[in-house]
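We have chain R; now place chains E and Z onto it with these hints.
The residues making up each chain are set out below.
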Amino acid sequence: MKKRVVQVLVAAIGVAMLSTACVSNSGSKGSADSGTTDFPNQQMNMIVQSSAGGLSDQISREIADLMGKDLGQTMVCQYKPGGSGAVGMSYVQASNPDGYTIGHTPVEMVMLKNLGYADLTSDDLDCLGRAYTTVGALVIKAGDDRFSTIEEFIQYAKDHPGEVKIGNAGTGSIWHLGAIGLENAAGVTFNHVPFDGSSKSIAALMGGHVDACVAAPIELISGVDGKELTVLATMGDERAEVFSDVPTLKESGIDYTLIHWGGFAAPKGLDEAVRDKLVDSLEKAVNSDDFASFLAERGMEPAFLTGDEYETFISGQTDLYKNLIDEAGLLSK
Amino acid sequence: MIGEIVISGIAMIISALAFVNSFSFPGGTSDGVPGAGFFPQVLCVVIFVLNILVIIKAIQKLRKTENQRKPFTNEQKQGLIKIAIVIVATIVMIVLWGTIHFVVICAVYLCIIGVVLRLDLKKYIPGAVVASIAIYFIFQNLLNVMLNN
Amino acid sequence: MIIQAITAVLSPDVLLFMTIGVVVGALIGALPGLSVVMAISILTPITFSLEPAQGLAMLIGVYNSGVWAGGISAILVNTPGTPASIMTTLDGYAMTKRGQAGLALGINTIYSVIGGIISSIILMIAAFPIAKFALKFGPAEYFALALFGLSMIIGISEKSIIKGIMMGCFGFLLATVGLDSMYAYPRFTMGNMDLLQGIPYVAVMIGLFGFGEVLTQIFDSSSVLEKKEKTKIGRILPTWKQFRTFAPITFICALFSTVIGAIPGAGGDIASIICWDQAKKVSKDKENYGKGSEEGLAVTCVSNNGIIGGAMTTMMTLGIPGDAVTAVLIGSLMMYGLQPGPMMFVDDRPFVYKIMIMMIIANIVILVFGLATAKASAMLLNFKKEYIWIAIMILSLVGSYAINNSVFDVIIMLICGVVGFFLKRCDFPLPPLILGLILGSMAESNLRRALALSSGSFGVFFTSPISLVLIVFTCAALIGPFIMRIVKKGKKSEVAHEGE
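Protein chains in written order, with the working numbering: chain R, 9 to 341; chain E, 50 to 198; chain Z, 8 to 507.
Only chain R is shown next, with the shape it has when bound in the complex (with noise of 0.2 Å):
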C-alpha cells in the first residue's frame, strides 16, 4: 500500500517537472519561427567568457540584469572559461543566431588571432556595443624609498636597465601588452614577470617580490586605501575619477594611454529587427545611473559605443595590439 502511494507520487512528480521541461523546450522551438515580434519570449543567455568571480563576471551579471529587466525576461549567465577567452568567445559565434544568446567580448577579442589561441576576429561576431573602459595603472609598493613619483620611477629604470621588474597578469595579457608599450614610449626595459591572473601579482607587489605592476583600478582601490600600494600615473587620456589626484603619462611627457575595454557580441546574422533591440537594451543598461554607479565603485567608466564608430575603435585596437604581440615575441603567423 505505502510502496504504491510512494509510486504514485514520483510518478506525478515525474509528470510536473517533464512539462515544465517540455513547456521551456517548446519555447525556444517557437521562438526560431514566429520572428521579431515578440522577441524575446524565453530566458536568454549571457555567454561569461572567464570563470565566475572576476571582473568579467560582475559586469556581465549587472548588464545581463539590467538588459534583461529591459527586455523582460531573465538572462543567465554562462560561463565558458579558457584560453583567454577563446572558448567563450568562440561558443557565441558558434551559437544560434536567434538573439537568445549574446556573450562579453574584453579587450582580448582583437587578440586571440594574433596571439593563436583561436582563429577569431572580431569580424566573426556581431559585435553590439561597447559597455566600458577602465584605465591602466602602475603601481609600486607604498614606502618604496627608490621612487615616489612617475619621474623618478622612470629615471630609475633608465639607470637600471632590465632591473626593474613589473609584475603582469600573464603573459600575453593586456597588462602585459601595455607594459611593452609603456617601455617603448619611455625608452627603458622592465623584466617582465608573468604571475597567474592580476590578483596574484599584486599580491607579489604587496610582499615585495616585483617592484610594480601594471593593473586595473579596481584591482588596486583597497591597497591604495589602505597605504599598502601607491599609484604612480594612470593610463588613460583624462585622469581617472577613482584616483584624482594620481597624474596621467600624457601629464608626465610620456605620450602613452591604454585602456582596457569591453563590450557585448552576439553571432553572425542576427535578424535586423532583433539585432536593433539588443543594441538599443544594450545602449539603455550602459547609459543606466545603475551601471554608471557599479562602475564608478569599481574604478571604470560606462562608454557606449555602437556601428561605425565602434569599428573603427575595434579596428585601431587589433592594428595595437597586433604590434605590441608581434613586439613581446608572440605573434603566431
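All clues given are correct.
Within a straight-line C-alpha distance of at most 27 Å, the following computed DSSO-like cross-link-like pairs (lysine-lysine) qualify:
id : chain 1 : residue 1 : chain 2 : residue 2
1  : E       : K106      : Z       : K495
2  : Z       : K392      : E       : K131
3  : Z       : K391      : E       : K126
4  : R       : K149      : Z       : K143
5  : Z       : K166      : E       : K106
6  : Z       : K391      : E       : K172
7  : Z       : K143      : R       : K173
8  : E       : K113      : Z       : K431
9  : Z       : K288      : Z       : K496
10 : Z       : K139      : R       : K149
11 : Z       : K495      : Z       : K288
12 : Z       : K143      : R       : K235
13 : Z       : K166      : Z       : K298
14 : Z       : K431      : E       : K106
15 : Z       : K139      : R       : K235
16 : Z       : K496      : E       : K110
17 : Z       : K166      : E       : K113
18 : R       : K258      : R       : K330
19 : Z       : K495      : E       : K110
20 : E       : K172      : Z       : K392
On the chain E side, residues computed to face chain R include the following (Cβ under 10 Å):
id : residue
21 : P75
22 : N193
23 : V194
24 : M195
It should be emphasised that the hints constitute simulated quantities derived from the structure, not laboratory data. All C-beta atoms in this analysis are idealised placements derived from N, C-alpha and C, irrespective of residue type, glycine included.
What follows is chains E and Z alone, placed relative to chain R:
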C-alpha cells in the same frame, strides 16, 4: 602482470612522443631560466626510465609464476563484456550530447545500464525516466547548467 | 561591539538564512563537479533581495558547509565532492568498506567544524599578522611549498614506490598541457582550444575515483559471489579517548592550514595533502594511514575546513582572494557596497565582527545538521549497489559537464575513468597522479618565475628562510624512508624484499 607491461609500454610511448614534441617549445633565456620545454623533457626521461624498471620487475615476476597463470576466468570475461558495453554506451551518449534532448539520451542511457546490470526492468524503466527528468530539471533550472543547447 | 555583533547575528532571520545556506552547500558540496564557487555565484543574485547580514549569512553557510560536504561523497562512494576532499577518500572510504561509515561521517563533521572554528578564531585574533606572513610567499616560496607537497607522493604510493613516482611524474606531465604559464606557448594542445587552459583536474578526479571505481566494482561483482549483506553503519561519534588522542595533531593541522589558506592560490587540497603526510610521519598510528585510520581522516577534515579562515583573512585584510571561493565572495561583498581590504576594518568594523561571528555560528549549524543527518546519509549505502553505481555514473557525467558547461570535460572524465580502471587492476596507485596534476603547474611556473626574478640564480631558494625550511623538510621526507629502510635491512636482512 601482462597488463603492467602493456600500461608501462604505452606510458613509454607517450613520454617518448612528448619528449620529441617538447623540443619545438620556446627555449630558456641566456641567463639560465628554463624554457617551456625543460620540465616536460625532464619528466619524460624520468617516466621512461621508471617504466623500464616496472617492466623488468613485471617480467621477473612473470617468469616465477609462468605455469600457474590463466589469462581470464569466465566470470572475468563476463565482467569485461559488461564494462565494455557501459563504456560504449557512455561514448554514444557523449557523441549525441547536444544533438538530441538531454532527457531522452539520459533515459536511454540509464535503461541500457539497467539491462547490463540485470535489474528488474518493470520497476527500473519508469524510475530511469523520472530520474532523467529530475536531473535535467535540477541542473538546467536550479543550477543554471546548460545540459541542452 | 562584539556583543552587539553576536546579538545581531543570533537573530532568527539571520539564523534561518544561514541554515538554508548550510543545507544548499551540503547538497552542492556532496555532488562531485558542483563546486562551492558555483553555489555562491548562483546564490549571490538571490541574496540581493535580502539584507546584507542575511545574504552574507547564507553565503558563509554555503562556503563552510560545501567544503565539509565534499567529504561525505568521498567517504561513502570514494568520489571527492570537491578537490579539497581528495585526501578524505584515502581513509574515509577505507573506513566505509570496513563497516564504519557512520563513524567516518561523524569524524568528518566534528573535525571539519573544529577546523572551521579554530581558523575563524585565528581570523579574529591575528588577521593582520597572518596576512603579512602570507605576503612573504613569493615565487621561490611557492615552489618550495609545491615541492614539499609533491614529496608526499612517496607516502601515498601504496605497494610500489617506483610505480607511485612514475604516476606522480605522469600527473606532472599532464599538468604541463595547455598554455605555458611563462611564455603563453600552447604545449601539447594539438590545436585543441579546450586544452589551452590545461587538463581540468576536477574532471580527472571524477573520472579516476568516481567512474573508474564503478567500473572496477561492476567488473568485480561478476567474479565475486553475490552475498547480500547490509552495510554496517556503526556508531557516529568517536570515543572520548580517540578525541583526546587526536587533539594535539588536529590542533596543529588547523593552525597550519589556516596559514596555507591565507596564501593566495594555495587551498584546501594542498593543505590536506601536506597535513596528512606530516601527520602520518609523526603519528603512532602511521601503519594505518591510508587504510582507514580515524586519525588520518580527522587530520584531512580539519585541514580542508581550516583553510577557510585563512582564505577569509587574506580577502578581508588585503582585498586579495585567498582561493577561488573568496574571489567570488569579494564580488558579492562589493555588491553589498563593501570594499574588502584594509579599510574595511576601519570603516565597517561592526560588519567585520559580524562576518567573524557568522563563521563560528555557521560551523555550529553544520555540527548540528551534520550529526543529525549522518545516519541518514550513511543509509544511502543500504540501497542496492547497482543503484548506487548508476547514480555515481550519471552524476559523474553531469557533474563533469557542469564544471565548465563543456562536453570536452566529460570526454576527459570518461577517458580517465577507463584508464583508471586498468591502472587500478595493475596496481598502479592513482592518488599520486592527481597530486602531480594539482601541484605540478604550481611547482613549474613558480620555479621558472623565481628564476626569472633572480635572473637565473638558484640562490633565491636558499636565501629565503621560508623556502629554505621547506626545502630542508622536503629533502628529509625524500631521503628519510630510504635511510629507515637501510637501517631496518641491516637489522633484519632476511626480511623479504618489500619493494613490490
